[in-house]
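There are 2 protein chains.
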Amino acid sequence: MTSSPKRCTIRLVEVRIAVAKVNKYATSESGDTLEAVERPNGGLSVVLADGQTSGRGAKAVSMMVVRKVITLLAEGVRDGAAARAASDALFTEKKGQVISTLNICSVDLRSGTIVLTRNNPAPIFVGRGEKSDCLEAESVPLGTSRDVRPLITEMVLEPGLVVVVYTDGLVHAGRRRGQPMDACEVIRSLLEEQDPSPQELADALLAHAMKLDDDRPADDISVVVLKVVHHAGDDVRRMSIRLPIAQ
Amino acid sequence: MTSSPKRCTIRLVEVRIAVAKVNKYATSESGDTLEAVERPNGGLSVVLADGQTSGRGAKAVSMMVVRKVITLLAEGVRDGAAARAASDALFTEKKGQVISTLNICSVDLRSGTIVLTRNNPAPIFVGRGEKSDCLEAESVPLGTSRDVRPLITEMVLEPGLVVVVYTDGLVHAGRRRGQPMDACEVIRSLLEEQDPSPQELADALLAHAMKLDDDRPADDISVVVLKVVHHAGDDVRRMSIRLPIAQ
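Here the protein sequences come in this chain order: A and B. For the first sequence, this note's numbering assigns the number 1499 to the initial residue and increments by one for each residue that follows. For the second sequence, this note's numbering assigns the number 1499 to the initial residue and increments by one for each residue that follows.
By construction, these hints were calculated from the structure, which means they are not laboratory data. Among the hints, a few may not be true.
Copies of the same chain look alike in the list, so a pair counts if it works inside one copy or between any two.
Said to hold, decoys possible - Simulated pairs of lysine to aspartate or glutamate, DMTMM-like, Cα-Cα distance not exceeding 25 Å:
1) LYS1629 with GLU1527
2) LYS1709 with GLU1512
3) LYS1593 with GLU1652
4) LYS1709 with ASP1693
5) LYS1709 with GLU1698
6) LYS1557 with ASP1733
7) LYS1593 with ASP1666
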């Protein structure tokens, strides 16, 4: 018997994340807040909150929630505990009168997983190759009562995984015209047609929603797409931001 | 005399930001930390810190500095005051034994300006059409003494503006081989050759530095490129992140 030499194979993957975000028509400020933060033990988290109502008040609430969550994640607090803490803080401050949705989408390099935390009635799309799921178990926003629990889904970080997280602006698109959007179905058909990049998928989804609202979105809409792909390129981390401004 | 009808013209511009970031050769953790945060009065800030030495200790320092600055900016504290506060906190905690560079690059929609805050010996490149400057006045890192002051440069947010901020890994590239890189000169030549997108410029700059180091960077390198362009597209804000991972 001959033993084959041991080889140390290093699998390279790349996590690609894209965000597309638009304000409710004719409002200068979005009630949605989205931020990305590095995790102290490796990886990163994208945190998305949508404050109740729209405009200035909603913005203050969603910023407060995102800030609270990000501060805790940066200290190494786990995602679920950070969500609960933000809910308790909001409930204490607003006495249950103001609520906010929350999604945390984490790339956790210590566990080698993607961790999705949801306090949001809007579903999350999860695709793996041919299979796909629409995570739509009932989930309540933060600040509704004491002891609000998030729904947590953890998946191995492996090529082929596609996750799409969005705020309720996407779910409500078209409702005004009586043609509400089935976001998971639209994502499925976009993925079947071609192999879109995360930014193409986020843009196409947002464009679909805006069309249903005659290009006058009835609510703030935020879409986050995460995709894990095989990677043969360099070790460079990249980020890009595009911020249109009316002067 | 006829009076022409008054017209309300809205100039649309877009701020595009790109980041490229690589670790020192054979280290799994970068001493550089970079994060972006939304400003409470409109706009966003990119915060970049480089902790003394490399590896775990440097990472903890740069994360602490970035976290402190981002928390203050999110509360509406001005950039210069946030930099000073982070310096005092670092000096108090480390008794002047540990230092960190800091750059804040802000798009301030309230004032309609780009605000550059620098506590970093590494220069900043600023280009406007044909003209360009290399901001290289002496600037000390945070934590070196009490009352460290940042250098602040404020510019009107207008199309044609290009800003490139980087950590000293870029300045030191090639030094090992006795061919140190003149970053501002390389940026000038890259801009003259063509009209690169921010990501193309950041990537080209990083590739140039890595070539000088034989693809084994002697230090962590981070490059931030900000460009203001005319914009005729949609109102969608976009962000994308690419995170390569060795499993």
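Given identical chains, is LYS1709 near GLU1512, meaning Cα to Cα at most 25 Å, within a copy, between copies, both, or neither? The answer is between: 23 Å across copies meets 25 Å, while 32 Å in one copy does not.
Homo-oligomer pair classification [GLU1652, LYS1593; C-alpha up to 25 Å]: Classified as neither: same-chain Cα gap 32 Å, cross-chain 42 Å, threshold 25 Å.
When Cα atoms must be at most 25 Å apart, do LYS1557 and ASP1733 count as within-copy, between-copy, both, or neither? Result: close only across copies, 18 Å inter versus 36 Å intra.
What label fits LYS1709 with GLU1698 when the C-alpha limit is 25 Å: within, between, both, or neither? Result: close within a single copy only, 16 Å intra versus 32 Å inter.
At most 25 Å between CA atoms: does that hold for LYS1593 and ASP1666 within a copy, between copies, both, or neither? Within. Shortest intra-copy distance 23 Å satisfies the 25 Å Cα cut-off; inter-copy 49 Å does not.
For LYS1709 and ASP1693, with the copy left unspecified, which applies at a CA distance of at most 25 Å: within, between, both, or neither? Intra 22 Å, inter 33 Å, cutoff 25 Å: intra-copy only.
Tell me, please, which holds for LYS1629 and GLU1527 at an alpha-carbon limit of 25 Å: within, between, both or neither? For LYS1629 and GLU1527, neither the intra-copy (37 Å) nor the inter-copy (35 Å) Cα distance is at most 25 Å.
Checked against the numbered hints given earlier, this structure breaks hints 1 and 3; the rest are met.
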